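A.B. asks: These protein sequence lines are chains A and B, in that order.
If you use numbering that gives the first Met the number 0, the first sequence corresponds to residues 0 to 380, in order.
If you use numbering that gives the first Met the number 0, the second sequence corresponds to residues 0 to 380, in order.
Just so you know, the hints here were simulated from the structure itself, not pulled from any lab data.
This structure is a prediction, so every number in the text was calculated from the model and none was measured.
Hints should not be assumed to be uniformly reliable.
Since copy identity is lost for identical chains, a pair holds within one copy or between any two.
Unchecked claim - Dumping the calculated DSSO-like pairs for lysine-lysine here, alpha-carbon to alpha-carbon at most 30 Å:
#, residue 1, residue 2
1, K377, K362
2, K342, K279
3, K263, K18
4, K279, K292
5, K131, K121
6, K367, K292
7, K138, K104
8, K300, K367
9, K18, K292
10, K313, K104
11, K272, K313
12, K362, K292
2 protein chains.
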Amino acid sequence: MIYFDNAATSYPKPECVYKEVDRCMREYGANPGRSGHRLSMHAGRIVLEARELLAELINTKKSDNIVFGLNVTDALNTVIKGLLNEGDHVITTSMEHNSVLRPLKQMENRGVETTIVQCDSKGELELSNVAKSIKPNTKAIICTHASNVTGTFMPIEDLGRLSRENGLVFVVDSAQTAGVYDIDVNAMNIDILTFTGHKSLLGPQGVGGFYIRDGIDLRQMREGGTGSMSESLVHPEILPDKYESGTPNTPGIAGLAAGLQFIKEVGIQNIRKHEETITKYFLEKISDIEGIKIYGTSLSKNRAPVVSINIEGKTSADISFILDGEYDIATRPGLHCAPLAHKTIGTFDRGTVRFSFGYFNTKDEVDKAVEALNSITKEVY
Amino acid sequence: MIYFDNAATSYPKPECVYKEVDRCMREYGANPGRSGHRLSMHAGRIVLEARELLAELINTKKSDNIVFGLNVTDALNTVIKGLLNEGDHVITTSMEHNSVLRPLKQMENRGVETTIVQCDSKGELELSNVAKSIKPNTKAIICTHASNVTGTFMPIEDLGRLSRENGLVFVVDSAQTAGVYDIDVNAMNIDILTFTGHKSLLGPQGVGGFYIRDGIDLRQMREGGTGSMSESLVHPEILPDKYESGTPNTPGIAGLAAGLQFIKEVGIQNIRKHEETITKYFLEKISDIEGIKIYGTSLSKNRAPVVSINIEGKTSADISFILDGEYDIATRPGLHCAPLAHKTIGTFDRGTVRFSFGYFNTKDEVDKAVEALNSITKEVY
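Go ahead and model the full structure; you've got the sequences and the hints to work with.
C.D. replies: As structure tokens, then:
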């Protein structure tokens, strides 16, 4: 099986991830931070280790400011609903995922005003369009680092500078980039960085979260047991407890720590180089095939390892179905939970077939996909 | 190591749980319900299987009404914040966990009125005290099935009847009972049942959720990608998607399915019988030791497999520390995230040492704990 659906979840994971999840459950499967016995302390240590590895990856020393939750959607809901108040204005882009757009839509019912800055047909954002959307009541800019539909990068550094100059909170969703592309929350002026553990951070599903800069305060989405200040009916304010209630996904976090360790050992620049090579190779090969339409950033520019295509005369569902059934190649068809991104690139009616690459993909696998696409287009033409 | 901290998280898990989590990650580690390829479909099937097994356990055919999230705290927050509105009154008990009390405290700031019915010093609830708390604006009764501090059962059947007669929504937290004690959401008139996967349901940490009866509607706590209705910026209303956004913890849910299958194969009545036998044996043995104070329900009555004690002259932290360090026995000291329960039983100042038993504990282990407690009390007396 050739797996090109890494933007949905990376697969396979490094062997060390499987092993650490299993070891966590078998050897130190207790509740971290709740009891005082050694098993519980061991579980607590691995959670701390994951926080520290993640803090290091995004260049902060503040590992307590790394918060773990269910997934990046959970994190984005906590951030959007905890940060914005009635009368606030927020700026986002037309390339966002529904994990940003749907909570913002919900917040409109609570009196939050949203400007969705339209990107061009390649999914690219013009900074001046963001700048001119800033109003006296603008509170935040919320933006993906790279589109999950086209891989198009957003101008994070520029947006960070613009946010800082205007006293805005800058929220970046790194779901498609963390673990492959350099993220420096300080140099990039990122105030809140949301992440998912199960994509390019190479951990298991069931862990997402966010980094939050000191001095920014959110209403927590959940209250409950934290293992701290158990005597109080009022939820504690200390980090990370404020945003983490109930038993965490310890095996998932242990697996994420192993994934982060793997990234550190291989080197993020080597991972990036490999994924960029694979992506460029695929783009080069398919750009020669008649009948294939490639979406997003022009081929000469870098994109995150996500490529959306269509073949004239076939639906995206049909193409993915044929790739899966006849060629054993896993891709994702349809709208990819980002309706406005599809409107932006002109594929709202039909979606796209998305190929998304990971560290374990090879040129040989790409060759097989190219061959398959060649055959499928010939069926049509 | 002797593990008596099963009320925090059950450990070890059945071998099939470890194996299924590993198999999920290695063999079908894709994103369920997102893409159409076979790996993704396989992942989707295991999530459905977990829903169906859980539905069967609580005697409902409505597996779509089983919702998965991060943990039971996440579920209780969704329920409490999604159900209650300004001006509503809600009744709960003094034996609740902070996962109920802290969200309710938060809701008081939004104009929700709470009555916390005081239980007696054994942690027992008098039904008439609940009945007389019902007011015209009472919306719901929220109650644990059994206390996590003393194992004391709440009169669920009676409360269900009372709720039904008064048109209230009856919410039961099964964190300490599901998988050991029979729960029938229909016969018991339970409208919403919250559960945790990692305690007596024998799954891994990182999965909790709730069952919700048809006809009860909550505001969802999160919006985002659901893999359904991707074209819409408005979150879908269908179950379970309405309450499930973003990528689920598929390996955790797969492990939970294996835990549920294990319970089904062993038989819940056999699990219960074993845990009750162990608990009674422990209670009998320690009730003879001078200097040990046992809290909760009288010894002749059934309790969930949770026993809280203290030894005169030592703090609960000291006792747990000695049990861990000198005898390799894991227990939990302190307040157990349920401050009012400790006020109720008179241990708010010092907490308790909690012994909580699971299916894999043996009489031999209990003997060792009894021996240890004998020695520790002798040090004092």
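A.B. asks: When no copy is named, should K272 and K313 be tagged within, between, both, or neither for a Cα gap of at most 30 Å?
C.D. replies: neither (33 Å within a copy, 60 Å between copies)
A.B. asks: At most 30 Å between CA atoms: does that hold for K342 and K279 within a copy, between copies, both, or neither?
C.D. replies: within (25 Å within a copy, 65 Å between copies)
A.B. asks: First find the shortest C-alpha distance between K138 and K104 inside one copy, then the shortest across copies, and answer within, between, both or neither for a cut-off of 30 Å.
C.D. replies: both (16 Å within a copy, 28 Å between copies)
A.B. asks: How would you label the pair K362, K292 (within, between, both, or neither) given a Cα cut-off of 30 Å?
C.D. replies: Classified as within; 21 Å inside a copy, 69 Å across copies.
A.B. asks: How would you label the pair K131, K121 (within, between, both, or neither) given a Cα cut-off of 30 Å?
C.D. replies: For K131 and K121, the Cα distance is within 30 Å only inside one copy (21 Å; across copies 65 Å).
A.B. asks: Is it within a copy, between copies, both, or neither that the alpha carbon of K300 lies no farther than 30 Å from that of K367?
C.D. replies: within (24 Å within a copy, 68 Å between copies)
A.B. asks: As a check of your reading, is K313 near K104 (CA-CA no more than 30 Å) within one copy, between copies, both or neither?
C.D. replies: neither (33 Å within a copy, 55 Å between copies)
A.B. asks: If the cut is 30 Å between Cα atoms, do K279 and K292 qualify within a copy, between copies, both or neither?
C.D. replies: within (16 Å within a copy, 71 Å between copies)
A.B. asks: State whether the alpha carbon distance between K367 and K292 is at most 30 Å within one copy, between copies, both, or neither.
C.D. replies: Close inside one copy (19 Å), not across copies (71 Å); limit 30 Å.
A.B. asks: For the identical chains here, do K377 and K362 meet the 30 Å Cα criterion within one copy, between copies, both, or neither?
C.D. replies: within (22 Å within a copy, 71 Å between copies)
A.B. asks: Given identical chains, is K18 near K292, meaning Cα to Cα at most 30 Å, within a copy, between copies, both, or neither?
C.D. replies: So K18 and K292 fail the 30 Å test inside a copy (41 Å) and across (43 Å) alike.
A.B. asks: From the Cα coordinates, with 30 Å as the cut-off, is the pair K263 and K18 best called within, between, both, or neither?
C.D. replies: both (17 Å within a copy, 28 Å between copies)
Comparing the model with each earlier hint shows violations of hints 9, 10, 11; every other hint is respected.
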